[in-house]
Amino acid sequence: MNFNKLLLVYFFILFSCEPDDLCLETYADTPKLIVKFFDSNSQENIQIDNIIIEDNDRNIILFSGSTDSLSVPLNYMRQQTSLNLIYNNNSDKIYINYATNEVFVSKGCGYKMNYVLDNIILENDNENWINFLEIVNQNIVEESNHHVKIFF
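Quick note, the sequence shown lines up with residues 0 to 151 if you use numbering that gives the first Met the number 0.
Simulated from the structure, these hints should not be mistaken for lab results.
Quick caveat: nothing in here was measured; it's all calculated off a predicted structure.
Any given hint might turn out to be false.
[Claimed, not checked] Here are the simulated lysine-lysine pairs, DSBU-like style, with alpha carbons at most 30 angstroms apart:
hint, residue 1, residue 2
1, Lys35, Lys148
2, Lys92, Lys35
3, Lys106, Lys148
4, Lys106, Lys35
5, Lys148, Lys92
6, Lys106, Lys92
7, Lys106, Lys31
8, Lys31, Lys111
9, Lys31, Lys148
10, Lys148, Lys111
[Unchecked claim] Between beta-carbon pairs, the in silico distance windows are:
hint, residue 1, residue 2, range
11, Asp38, Lys106, 44 to 52 angstroms
12, Glu101, Asp124, 31 to 39 angstroms
13, Asn96, Asp124, 41 to 49 angstroms
14, Asn125, Thr99, 31 to 39 angstroms
15, Asn88, Cys108, 40 to 48 angstroms
16, Asn44, Val140, 38 to 46 angstroms
17, Asn40, Lys106, 17 to 25 angstroms
18, Tyr94, Val140, 16 to 24 angstroms
19, Asp124, Asp28, 30 to 38 angstroms
20, Glu101, Ser63, 16 to 24 angstroms
21, Lys106, Asn49, 18 to 26 angstroms
22, Glu142, Tyr94, 34 to 42 angstroms
Don't be surprised by glycine CBs; every beta carbon is placed ideally from N, CA and C.
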């Protein structure tokens, strides 16, 4: 008899949950800024070797190694993220300015943040390895395409 009561309580709990109470993996998280590297001369996407990306606000290294693109988490508490991009011992500092847009996902998942890029400022130190930056998609709502091109 105790087993039947336990089974009844289990089914009651299981079927009383609404789909909105659960956060499934299919729900997208806050998207990251996707940056791709391009050769200034050929305009082709190329791999950059031995690059280090530092988040100045949090004093952490986001990436170190070789890649043709980066996935950068933006600071949702502010409307600017400051990064150091270090290539061949040459550090270029960029400021990413954006607006934030909080989006309700569900009761179980809560909120996620979307961003709208305003601009990206490259601090000029007369030794920049980055030639220029181009915003190709201002709306950061997903990570399937790149948002920014960095030409070097």
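Hints, verified against the model:
With a CA separation close to 5 angstroms, the supplied pair Lys35 and Lys148 stays within the 30 angstroms bound. Using a Cα cut-off of 30 angstroms, the hinted pair Lys92 and Lys35 holds, with the two alpha carbons roughly 17 angstroms apart. A threshold of 30 angstroms between alpha carbons decides the hint, and for Lys106 with Lys148 the separation of about 36 angstroms lies outside it, so the pair is violated. Restraint check for Lys106 and Lys35: not satisfied, since their Cα atoms lie roughly 35 angstroms apart, outside the 30 angstroms limit.
Taking the CA atoms of Lys148 and Lys92, the gap is near 15 angstroms; set against the 30 angstroms cutoff, the hint holds. For the suggested pair Lys106 and Lys92, the alpha carbons sit about 39 angstroms apart, so the restraint of at most 30 angstroms is broken. Restraint check for Lys106 and Lys31: satisfied, since their Cα atoms lie roughly 22 angstroms apart, inside the 30 angstroms limit. A threshold of 30 angstroms between alpha carbons decides the hint, and for Lys31 with Lys111 the separation of about 11 angstroms falls inside it, so the pair holds.
Restraint check: the Cα-Cα separation between Lys31 and Lys148 comes to about 15 angstroms, which is no more than 30 angstroms; the hinted pair holds. Note on Lys148 and Lys111: the hinted pairing holds, with a Cα-Cα distance of about 25 angstroms set against a maximum of 30 angstroms. Range check, Asp38 to Lys106: about 47 angstroms between beta-carbon atoms, so the 44 to 52 angstroms window is met. Evaluation of the 31 to 39 angstroms hint for Glu101 and Asp124 yields a pass: the beta carbon distance comes to about 35 angstroms.
In this structure the supplied range 41 to 49 angstroms is violated for Asn96 paired with Asp124, their Cβ-Cβ distance being about 19 angstroms. Checked against the given bound of 31 to 39 angstroms, the beta carbons of Asn125 and Thr99, roughly 33 angstroms apart, stay inside it. At roughly 43 angstroms, the beta-carbon separation of Asn88 and Cys108 lies within the given 40 to 48 angstroms, and the hint holds. Take Asn44 and Val140: their Cβ atoms lie about 22 angstroms apart, and the range 38 to 46 angstroms is violated.
The hint said 17 to 25 angstroms for the Cβ distance between Asn40 and Lys106, and at roughly 52 angstroms that hint is violated. The beta-carbon spacing between Tyr94 and Val140, approximately 22 angstroms, falls within the hinted interval of 16 to 24 angstroms. Between Asp124 and Asp28 the Cβ separation comes to about 35 angstroms, which falls inside the hinted range of 30 to 38 angstroms. Our hint of 16 to 24 angstroms for Glu101 and Ser63 is violated, since their Cβ atoms are close to 32 angstroms apart.
Between Lys106 and Asn49 the beta carbon distance is about 45 angstroms. The supplied range of 18 to 26 angstroms is therefore violated. Hint check: Glu142 to Tyr94, Cβ distance near 22 angstroms, so the stated range 34 to 42 angstroms is violated.
Checked against the numbered hints given earlier, this structure breaks hints 3, 4, 6, 13, 16, 17, 20, 21 and 22; the rest are met.
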